[in-house]
Amino acid sequence: MAQNRRNVVAEGLPEELARMWRYGLVLSGNRDTAEDLVQATCLRALERAHQFEPGTRLDRWVFSILHSIWLNEVRARKVRLGQGLVDADAVLVFDGLKYTETNISARQVLREVQELPEAQRETVFLVYVEGMTYREAADLLEVPIGTVMSRLAAARAKLAGLNSEAEGPPLQSNRSHGTSGP
Amino acid sequence: MAHPVHNPPGDDVLTAYLDGELDAEARRDVDASLAADAETRARLEALKASGRPFKDAFQLVTDAAPRERLGAMIAAIVPPQAERGAPRRVWMSAAAVVLFASGVAIGTSNVLGPSSVRAPTATVVADNSANKPAAAPVTLARPVETDALQRQAGRAADQAPPALGELAAAPKVNQVPAQPAAAPATTAVPPPAQALADASPARNDAPATPAARAGATSPAAPPPPSGLLSVAPAAPMAGGLAAAPPVAPAPATTAPAGAVAVLTTPTWRQVVSDYIVLTTAQTLAVMPDNPRLGDAVAAYGDKLQLDLTGGRLTVPMASLKDVRLYDYRGRPLVEASFLSDDKMSVVSLCIILTGQPDAPFGFEQRNGQNIIFWTAGGHGFMLAGRATRETLEAIARDLSTRFS
Numbered sequence: 001m002a003q004n005r006r007n008v009v010a011e012g013l014p015e016e017l018a019r020m021w022r023y024g025l026v027l028s029g030n031r032d033t034a035e036d037l038v039q040a041t042c043l044r045a046l047e048r049a050h051q052f053e054p055g056t057r058l059d060r061w062v063f064s065i066l067h068s069i070w071l072n073e074v075r076a077r078k079v080r081l082g083q084g085l086v087d088a089d090a091v092l093v094f095d096g097l098k099y100t101e102t103n104i105s106a107r108q109v110l111r112e113v114q115e116l117p118e119a120q121r122e123t124v125f126l127v128y129v130e131g132m133t134y135r136e137a138a139d140l141l142e143v144p145i146g147t148v149m150s151r152l153a154a155a156r157a158k159l160a161g162l163n164s165e166a167e168g169p170p171l172q173s174n175r176s177h178g179t180s181g182p
Numbered sequence: 183m184a185h186p187v188h189n190p191p192g193d194d195v196l197t198a199y200l201d202g203e204l205d206a207e208a209r210r211d212v213d214a215s216l217a218a219d220a221e222t223r224a225r226l227e228a229l230k231a232s233g234r235p236f237k238d239a240f241q242l243v244t245d246a247a248p249r250e251r252l253g254a255m256i257a258a259i260v261p262p263q264a265e266r267g268a269p270r271r272v273w274m275s276a277a278a279v280v281l282f283a284s285g286v287a288i289g290t291s292n293v294l295g296p297s298s299v300r301a302p303t304a305t306v307v308a309d310n311s312a313n314k315p316a317a318a319p320v321t322l323a324r325p326v327e328t329d330a331l332q333r334q335a336g337r338a339a340d341q342a343p344p345a346l347g348e349l350a351a352a353p354k355v356n357q358v359p360a361q362p363a364a365a366p367a368t369t370a371v372p373p374p375a376q377a378l379a380d381a382s383p384a385r386n387d388a389p390a391t392p393a394a395r396a397g398a399t400s401p402a403a404p405p406p407p408s409g410l411l412s413v414a415p416a417a418p419m420a421g422g423l424a425a426a427p428p429v430a431p432a433p434a435t436t437a438p439a440g441a442v443a444v445l446t447t448p449t450w451r452q453v454v455s456d457y458i459v460l461t462t463a464q465t466l467a468v469m470p471d472n473p474r475l476g477d478a479v480a481a482y483g484d485k486l487q488l489d490l491t492g493g494r495l496t497v498p499m500a501s502l503k504d505v506r507l508y509d510y511r512g513r514p515l516v517e518a519s520f521l522s523d524d525k526m527s528v529v530s531l532c533i534i535l536t537g538q539p540d541a542p543f544g545f546e547q548r549n550g551q552n553i554i555f556w557t558a559g560g561h562g563f564m565l566a567g568r569a570t571r572e573t574l575e576a577i578a579r580d581l582s583t584r585f586s
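Going line by line, the protein sequences match chains A and B.
To convert, note that position 122 of the first sequence is 122 in the working numbering; the numbers rise steadily by one, no gaps.
To convert, note that position 3 of the second sequence is 185 in the working numbering; the numbers rise steadily by one, no gaps.
Just so you know, not all the hints are guaranteed correct.
As the list claims (entries may be wrong) - With a Cα cut of at most 20 Å, we get these calculated EDC-like pairs of lysine to aspartate or glutamate:
#	chain 1	residue 1	chain 2	residue 2
1	B	K237	B	E207
2	B	K237	A	D59
3	B	K237	A	E118
4	B	K230	A	E112
5	B	K525	B	D471
6	B	K237	A	E47
7	B	K237	A	E15
8	B	K237	A	E115
Claimed, not checked - Not close to chain B: a few residues of chain A, all C-beta gaps over 10 Å, as computed:
#	residue
9	D32
10	E35
11	L58
12	L159
Said to hold, decoys possible - Each pair of labels, with its calculated beta carbon distance range:
#	chain 1	residue 1	chain 2	residue 2	range
13	A	N7	B	T244	57 to 65 Å
14	A	G161	B	G202	39 to 47 Å
15	B	T496	A	Q51	51 to 59 Å
Hints are computed from structural coordinates only; laboratory data are not their basis.
The beta-carbon is built from N, C-alpha and C at its ideal position, and this holds for glycine as well.
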């Protein structure tokens with residue numbers, strides 16, 4: 001059984017690499033760190049393959065590992081060492097991508113997302129890019145579902161240019177409303 | 183009659199409403215608020231303005247993923263299917279062994295638990311073999327370029343994060359299929375000058391442990407040339423397409439538990455070798471001639487700050503079939519692929535802007551290919567193929583005169 005689970009993980013990992021890297025980049029803002037995170041996540045996933053439940057989504061599982069490694073290990077270390085997490089100075093060598101209106105729009109969206117505080121950025125990514133439900137995002141982030149709601153609301157407010165509450169919880173908050181999550 | 187509204191929904195609830203995350207009862211409450219309260223309606227409309235084509239935008243990020251390196255990484259740590267389950271696979275020992283160099287230390291003893299961060303070190307490595315103690319620490323990081331190129335590039339891992347917005351401008355790098363594990367190069371006694379040129383404090387091309395040394399073949403002189411671009415028969419395979427299963431003995435028998443070996447650190451040539459080895463003569467033979475190849479050569483030369491036009495990219499008895507521009511960690515890298523006139527052999531010339539001082543020819547073997555490399559005018563050159571060493575050296579000499 002354990003070997004079977006390991007095989008499931010081993011066979012599934014290659015399919016997830018690009019998205020894992022993307023997630024790592026959203027978190028770290030650094031291509032190299034994103035690669036490190038992917039590698040660390042893969043090794044950790046293989047090491048702990050016996051904990052993976054066949055039939056569940058491998059991508060969600062490895063994302064949770066990546067998130068954990070980032071939060072508890074890489075990010076913590078960078079903060080401790082006083083290293084910046086985001087440095088917008090680097091520009092990738094570019095060739096071939098046409099500056100169509102679509103791409104200009106996409107670049108603007110990416111910039112806007114990058115400018116969000118990390119917690120909001122990550123939540124926006126998980127819900128609006130990865131398509132997770134609030135419950136799935138809350139489980140992965142290990143936060144209450146209300147926190148997911150608050151982060152998304154703050155992010156939306158900022159993206160919409162509403163007010164300064166984007167940096168904190170919404171001024172108007174009513175938690176008495178239930179969500180449809182399980 | 184409208185539902186009485188006592189507690190207008192906050193932004194979080196309105197956001198959940200927009201996202202379809204409210205249950206039926208909560209949704210009814212919001213609907214009632216919207217019906218009764220203009221301010222709530224206005225707030226909802228304002229929040230709607232935050233909608234963005236997130237998925238489309240982030241597809242560009244996915245497209246910019248370094249798939250070739252990620253593929254090589256996963257190939258190094260996941261064995262071929264037929265080998266899975268075998269006890270104490272050596273592949274795992276080699277794969278799990280990575281050199282700490284990027285400033286990211288990651289413990290493995292707690293999957294979701296507290297950090298087990300280690301101080302930067304270039305020493306500790308570990309294997310993931312079945313008999314590894316559960317709490318054995320691993321110092322892990324992406325195998326990092328440690329040669330002079332990387333130093334010159336000045337891109338310490340933590341100093342060069344791109345903005346996501348910049349990422350959208352990332353090159354559409356040609357996607358390369360997953361690669362086999364990087365394998366130690368068999369470097370055939372480099373001349374002293376080359377050793378100097380490539381030396382760096384952290385350089386790790388030479389296997390550093392008994393296990394790693396066992397993975398390298400001994401230098402072997404290729405057979406004499408049998409014709410231009412002739413295929414060198416059976417070049418020593420330090421790690422060819424089937425590089426994952428190494429030839430090293432089980433390291434746990436020769437090293438302390440949890441510390442077994444040091445993975446060779448790939449240089450840019452290793453990275454390049456890992457993908458160009460996949461190009462076969464047939465790959466190029468079926469490729470239609472590109473009428474705009476000349477334009478590409480000129481444009482890519484501009485990127486390299488090196489004139490590639492005027493017949494400079496030519497190889498005797500072969501034709502230029504393809505030229506591609508890549509980004510290697512912020513540096514332009516151009517690969518030119520030549521197919522021999524008899525359609526039997528491939529030679530690849532790769533040029534990267536390094537800013538390095540000139541260095542004479544060196545020779546090495548990677549992935550079963552012979553490689554001549556040198557540095558001139560701030561550019562690193564790498565000529566690779568299965569032709570004999572002598573043949574490649576002759577071509578390299580010819581090429582070098584055009585780029586001196």
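Structure-based check of each hint:
For a cut-off of 20 Å, the pair hint linking K237 (chain B) to E207 (chain B) is broken: about 30 Å separates their Cα positions. Between K237 (chain B) and D59 (chain A) the alpha-carbon distance is near 17 Å, which keeps this suggested pair within the 20 Å criterion. For the suggested pair K237 (chain B) and E118 (chain A), the alpha carbons sit about 18 Å apart, so the restraint of at most 20 Å is met. Restraint check for K230 (chain B) and E112 (chain A): the C-alpha separation of about 16 Å stays at or below 20 Å, so the hint holds.
With a C-alpha separation of about 14 Å, the suggested pairing of K525 (chain B) with D471 (chain B) holds against the 20 Å cut-off. Of the supplied pair hints, the one linking K237 (chain B) and E47 (chain A) is violated, its CA atoms being roughly 31 Å apart against a limit of 20 Å. Distance hint between K237 (chain B) and E15 (chain A) is fulfilled; the C-alpha atoms sit about 18 Å from each other, no more than 20 Å. With a C-alpha separation of about 17 Å, the suggested pair K237 (chain B) and E115 (chain A) falls inside the 20 Å cut-off, and the hint holds.
Not every CB of chain B lies more than 10 Å from the CB of D32 (chain A), the least distance being 4 Å, so the non-interface label is violated. Distance to chain B contradicts E35 (chain A) as a non-interface residue, since its nearest Cβ pair spans about 5 Å, not more than 10 Å. The beta carbon of L58 (chain A) sits about 13 Å from the closest Cβ of chain B, which is more than 10 Å, so the claim that it is off the interface holds. Remark: the non-interface label on L159 (chain A) conflicts with the geometry, its nearest Cβ contact in chain B lying 4 Å away (cut-off 10 Å).
Judged by the Cβ atoms, the range 57 to 65 Å given for N7 (chain A) and T244 (chain B) is violated: they are separated by roughly 26 Å. Separation of G161 (chain A) from G202 (chain B) is about 24 Å and departs from the stated range, judged on CB atoms against 39 to 47 Å. The supplied range of 51 to 59 Å is met by T496 (chain B) and Q51 (chain A), whose beta-carbon atoms lie about 57 Å from each other.
Hint check: violations occur at hints 1, 6, 9, 10, 12, 13, 14; the rest are consistent with the structure.
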